[in-house]
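Chain A is fixed; fit chain B onto it per the hints.
There are 2 protein chains.
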Amino acid sequence: MRYHKISDETIRRLPVYLRDLLTLSEQGRSSISSNDLASLLGVNPWQIRKDFSYFGDFGTRGVGYDVENLIRQIKKILRLSGVNKVALVGVGNLGMAVMAYPGFKRYGFEIVAAFDSAAGKVGKQIGDVRIEDVVALNTLQRRNIHVAAIAVPRDAAQETADALVDAGIKGILNFSPCYITVPKKVKVITIDIAMDLARLPYYLPGN
Amino acid sequence: MRYHKISDETIRRLPVYLRDLLTLSEQGRSSISSNDLASLLGVNPWQIRKDFSYFGDFGTRGVGYDVENLIRQIKKILRLSGVNKVALVGVGNLGMAVMAYPGFKRYGFEIVAAFDSAAGKVGKQIGDVRIEDVVALNTLQRRNIHVAAIAVPRDAAQETADALVDAGIKGILNFSPCYITVPKKVKVITIDIAMDLARLPYYLPGN
Chain A
1 MRYHKISDET
11 IRRLPVYLRD
21 LLTLSEQGRS
31 SISSNDLASL
41 LGVNPWQIRK
51 DFSYFGDFGT
61 RGVGYDVENL
71 IRQIKKILRL
81 SGVNKVALVG
91 VGNLGMAVMA
101 YPGFKRYGFE
111 IVAAFDSAAG
121 KVGKQIGDVR
131 IEDVVALNTL
141 QRRNIHVAAI
151 AVPRDAAQET
161 ADALVDAGIK
171 GILNFSPCYI
181 TVPKKVKVIT
191 IDIAMDLARL
201 PYYLPGN
Chain B
1 MRYHKISDET
11 IRRLPVYLRD
21 LLTLSEQGRS
31 SISSNDLASL
41 LGVNPWQIRK
51 DFSYFGDFGT
61 RGVGYDVENL
71 IRQIKKILRL
81 SGVNKVALVG
91 VGNLGMAVMA
101 YPGFKRYGFE
111 IVAAFDSAAG
121 KVGKQIGDVR
131 IEDVVALNTL
141 QRRNIHVAAI
151 AVPRDAAQET
161 ADALVDAGIK
171 GILNFSPCYI
181 TVPKKVKVIT
191 IDIAMDLARL
201 PYYLPGN
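Chains A and B are the protein sequences, given in the same order. Take 1 as the starting number for the first sequence in the numbering used here and just add one per residue. Take 1 as the starting number for the second sequence in the numbering used here and just add one per residue.
One chain only, chain A, in its complex shape (with noise of 0.2 Å):
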């Protein structure tokens, strides 16, 4: 089933929800208050209870929220419940550091292959995958990937989209520090880390 209500912003909010929920859970916390769960995430109580009551509302008056069945949820609305096979090209220092990134199989999701132009890393090992050419970007569908990430350099992102879209990829994770372009039934998400870092000078004190 699918929430068509659920606004992009709140999209946006879950995986942060999840994250500190997983968090709490290992930390052996079966519930948490929506003040309490505010103060860990640094958001207003309101805006919490507003993204939850998308779905439903969980939390027990005095009680709180019940940690592992929100985890349930959020993972169910976010279809993060399976394991998702990841594709990623560009394999210089950014896609290395997203292949060793400890993080993704919280999520379950899986690089199960990687591709590089480079003639000099085409055959190379990484863990249990090979880096394969380029070229053999239009396998993916057959292989049953349809999730890619792009960590190529920047005037290559463009041309690299193209042909993952051609592969008949759903869904793009863009490394590259750059904007792409797709058709519109291709989702792209743009991870661009030094925007995070320019919050940082405004909480700086005086400098």
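Some hints could be false.
Same chains, same names: a pair is fine if it fits in one copy or spans any two.
Stated by the list, open to error - Below, a list of computed lysine-lysine pairs in the DSBU-like style, where the Cα atoms sit at most 30 Å apart:
id: 1; residue 1: Lys85; residue 2: Lys124
id: 2; residue 1: Lys105; residue 2: Lys75
id: 3; residue 1: Lys5; residue 2: Lys187
id: 4; residue 1: Lys124; residue 2: Lys185
id: 5; residue 1: Lys50; residue 2: Lys184
Bear in mind the hints are in silico, worked out from the structure with no lab data behind them.
Only chain B this time, still in chain A's reference frame:
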């Protein structure tokens, strides 16, 4: 001057606005309506007007917002006008990616120091930066470096944060996939790249 009333949520969105305005500026656009800006950003026009209302309304009816003026104002609020020196701790794949990332310069950040605990890495030169032993973290204050990026393994993140706090660091960008605890005077921004990936399945056609 500090704009105390701006909410964390707005501060979170300003870098996104800034990035897109910088792209518009690079494309030669001089003005944009709040509707066009909203559609570019994928947020509601009222959200943009509300966010901008925190620091004055720059729009002119029928003409829209002046792109360069908005960029200037947002940079001023985020205090991004100068150059911020950053120390990187942990020069593995993730750290190398952080160093190589071209997006930082755009926001006035410059990684001027890098630290690692592995003897094999200390002394190596990465671009203009020579990797130092983590025992030298206590020199940061003297070197006038107030911002640090943590890219160490999960298990070493908290002790690294403690050492950075002791070294007088005021802002931490945490790339390690875990929470760190610091005194209130220190601002931490945690980047979890997997969290953004977690939004993707929601948008994928029935899988």
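*State whether the alpha carbon distance between Lys105 and Lys75 is at most 30 Å within one copy, between copies, both, or neither.*
within (14 Å within a copy, 36 Å between copies)
*asked:* If the cut is 30 Å between Cα atoms, do Lys124 and Lys185 qualify within a copy, between copies, both or neither?
replied: neither (33 Å within a copy, 46 Å between copies)
_Within a copy, between copies, both or neither: which one fits Lys5 and Lys187 at a CA-CA cutoff of 30 Å?_
within (17 Å within a copy, 35 Å between copies)
*Is it within, between, both or neither when you check Lys85 against Lys124 at 30 Å Cα-Cα?*
Within one copy, since 20 Å is at most 30 Å while 36 Å is not.
_Regarding Lys50 and Lys184, is the shortest C-alpha distance of 30 Å or less found within a copy, between copies, in both, or in neither?_
both (28 Å within a copy, 28 Å between copies)
Of the numbered hints given earlier, the model fails hint 4 alone.
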